[in-house]
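Note that the protein sequences, when read in sequence, are chains A and B. Here the first sequence stands for residues 1 to 132, where the numbers follow our numbering. Here the second sequence stands for residues 1001 to 1148, where the numbers follow our numbering.
Treat the hints as calculated values from the structure; they're not laboratory data. Don't be surprised by glycine CBs; every beta carbon is placed ideally from N, CA and C. Please note that the accuracy of each hint is not assured.
In silico DSS-like links for lysine-lysine, alpha-carbon gap of 25 Å or less [as the list claims (entries may be wrong)]:
#1 Lys-1054/B x Lys-40/A
#2 Lys-106/A x Lys-1137/B
#3 Lys-123/A x Lys-1137/B
#4 Lys-1137/B x Lys-121/A
#5 Lys-101/A x Lys-1137/B
#6 Lys-106/A x Lys-1134/B
#7 Lys-1046/B x Lys-1084/B
#8 Lys-1134/B x Lys-101/A
Just so you have them, the derived chain B footprint on chain A, three or more residues with Cβ under 8 Å [as the list claims (entries may be wrong)]:
#9 18-25
#10 35-47
#11 96-105
#12 113-123
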Amino acid sequence: MASINFDNALGLHASALQLRAARAEILANNLANADTPGFKSRDINFREVLAGEVEARQSVAVERTHTGHLAGRSQAEQQLLYRNPSQPSIDGNTVDSQIEKAQFAKNSMDYNTTFEFLSSKFKGLRNAVRGE
Amino acid sequence: MSLTNVFDIAGSGMNAQSIRLNTTASNIANAESASSSVEETYRARKPWFAVMQKEFMAVNKDGEFQQLSGQTGVGVEVKGIVEKDAPLKPRFQPDHPMANEDGYVYYPNVNIVEEMTDMMSSSRSYQTNVEVLKTAKQMLQRTLTLGQ
Chain A
1 MASINFDNAL GLHASALQLR AARAEILANN LANADTPGFK SRDINFREVL
51 AGEVEARQSV AVERTHTGHL AGRSQAEQQL LYRNPSQPSI DGNTVDSQIE
101 KAQFAKNSMD YNTTFEFLSS KFKGLRNAVR GE
Chain B
1001 MSLTNVFDIA GSGMNAQSIR LNTTASNIAN AESASSSVEE TYRARKPWFA
1051 VMQKEFMAVN KDGEFQQLSG QTGVGVEVKG IVEKDAPLKP RFQPDHPMAN
1101 EDGYVYYPNV NIVEEMTDMM SSSRSYQTNV EVLKTAKQML QRTLTLGQ
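If we strip away everything but chain B, and leave its shape as in the complex, we get (with noise of 0.2 Å):
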């Protein structure tokens, strides 16, 4: 039944949509998370979207099972948290209490502007995926009636 996978792609959808959601909130709350070494600074993270594949068993001329993927996907997985490549911003704060012996305060690379829009963008998806979700459940509900 194809409604029944819809429930499962918008909720791979918001899955998605809410680990991203996740690491916008825990970046903005680091964004001013001064350190003394370049090592120990937080990093800006984010997520690494890809498609699902549909994956199923067949077996080949020789009778052994090989795994093949369908054409068609079935919602977005979250393929792991990757950490941002940007330079780390480093400060002239001798008196800050972390401050190294040159008298510099390592800051994170998050970049607040773009959290910002990565925050609107990841809730704006998350409604249309609740939506579909709604919309796929009526479907459903009004096919229960049929013959009614």
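Chain A on its own, in the form it takes in the complex (with noise of 0.2 Å):
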């Protein structure tokens, strides 16, 4: 007989949204470093960072015994590119702020698409519960 399991119910859907906030986060390091002098644009591909993701869920995770070990790094931090500037600046910065506000509003238009989507998840798992 089949259990009701969170992580299958909910698929990828939950890893897509923190990869969608941790992106959030790297986006708005770009944007406030904007006037920075050297500073280099940073952003994940972020298909192939979910995919790890999924992959890494589905092998063994490295467990902490104890304090001192160190944390795995997140996938998002480990696979963390470069962007190609089109028009880097002469001080070193190659932040381009039109790209990275576009990009920073289509990756809050996606995590709240994958919020839905989430969301409307756990709606069905509910009406499962009562039944109505």
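Join the two chains into one complex using the hints; note that each chain is given alone, in its own frame.
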């Protein structure tokens, strides 16, 4: 008999939501450093990182049995890439404000979309439990 | 939770830009502050921006604590305010009350055009950070309604 398992029920939407939040942080950092000399704009390849995240969930996770153990770095931090600048500035800064703003807006829309999926999953589960 | 970090990041950006706007205001206000000697003359001030690094402690193989910094930045920090090196502007004004024995008055090395562009740039960057903050707030508020 199949039991109700939150991980199975929610699918990859939970990971996707976390990853969207992580990406919002990366993009916010790019925008905050838009005037910092020498700062290089960073981003992640969402599709690849999400695939890695799903794979990591299926494989064995590293357990921390001692407070001195280092926590495994998240997929997002491991696969942080540099953006190819279209108009690099003379002080070595590669933040293109328009691109970052557009990406941030798109990321937050995608966050809302993923949120809707997740929310409807919960609604579905609740309906199943109530049997209405 | 990553979204709460966005508040810190955007906050650091707003703080940095307001400091930049402050120095600009000070520079423009003092653009015509005359003085009789090179040492006493006001010099244009500029903030020094740097990426704030996430730092965490780790134990190395000898069992000692070691400071490590992560890959991602966690905002922008103002390392300090530096004075511009550009030469001051001496003017021959013997009638000026601050004139030295040779009749010269020293004016600050403030470039008004540069200050105006700096002002526009910092106010735009400030706005961007406010928008980021607003969006992050909406995203977080949305998350609180999960499953309702």
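Hint-by-hint comparison with the structure:
1. Proposed proximity of Lys-1054/B and Lys-40/A is supported: the alpha carbons are some 16 Å apart, at most 25 Å.
2. Between Lys-106/A and Lys-1137/B the alpha-carbon distance is near 16 Å, which keeps this suggested pair within the 25 Å criterion.
3. Taking the CA atoms of Lys-123/A and Lys-1137/B, the gap is near 24 Å; set against the 25 Å cutoff, the hint holds.
4. Simply put, Lys-1137/B and Lys-121/A have alpha-carbon atoms about 23 Å apart, close enough for the 25 Å limit, and the pair holds.
5. Restraint check: the Cα-Cα separation between Lys-101/A and Lys-1137/B comes to about 16 Å, which is no more than 25 Å; the hinted pair holds.
6. Between Lys-106/A and Lys-1134/B the alpha-carbon distance is near 15 Å, which keeps this suggested pair within the 25 Å criterion.
7. Using a Cα cut-off of 25 Å, the hinted pair Lys-1046/B and Lys-1084/B holds, with the two alpha carbons roughly 7 Å apart.
8. Simply put, Lys-1134/B and Lys-101/A have alpha-carbon atoms about 13 Å apart, close enough for the 25 Å limit, and the pair holds.
9. Chain B is given as covering the region 18-25 of chain A, and this holds because 5 residues of the stretch bring a CB closer than 8 Å to a CB of that chain, at least three being needed.
10. Counting residues of the region 35-47 of chain A whose CB lies closer than 8 Å to any CB of chain B gives 5, so the stated coverage by that chain holds, three being the minimum.
11. Under the rule that three or more residues need a Cβ within less than 8 Å of chain B, the assignment of the region 96-105 of chain A holds, with 4 such residues.
12. Figure legend: the region 113-123 of chain A, annotated as covered by chain B; annotation consistent (5 residues with Cβ-Cβ distances under 8 Å, at least 3 required).
Violated hints are absent here; each numbered hint is respected by the structure.
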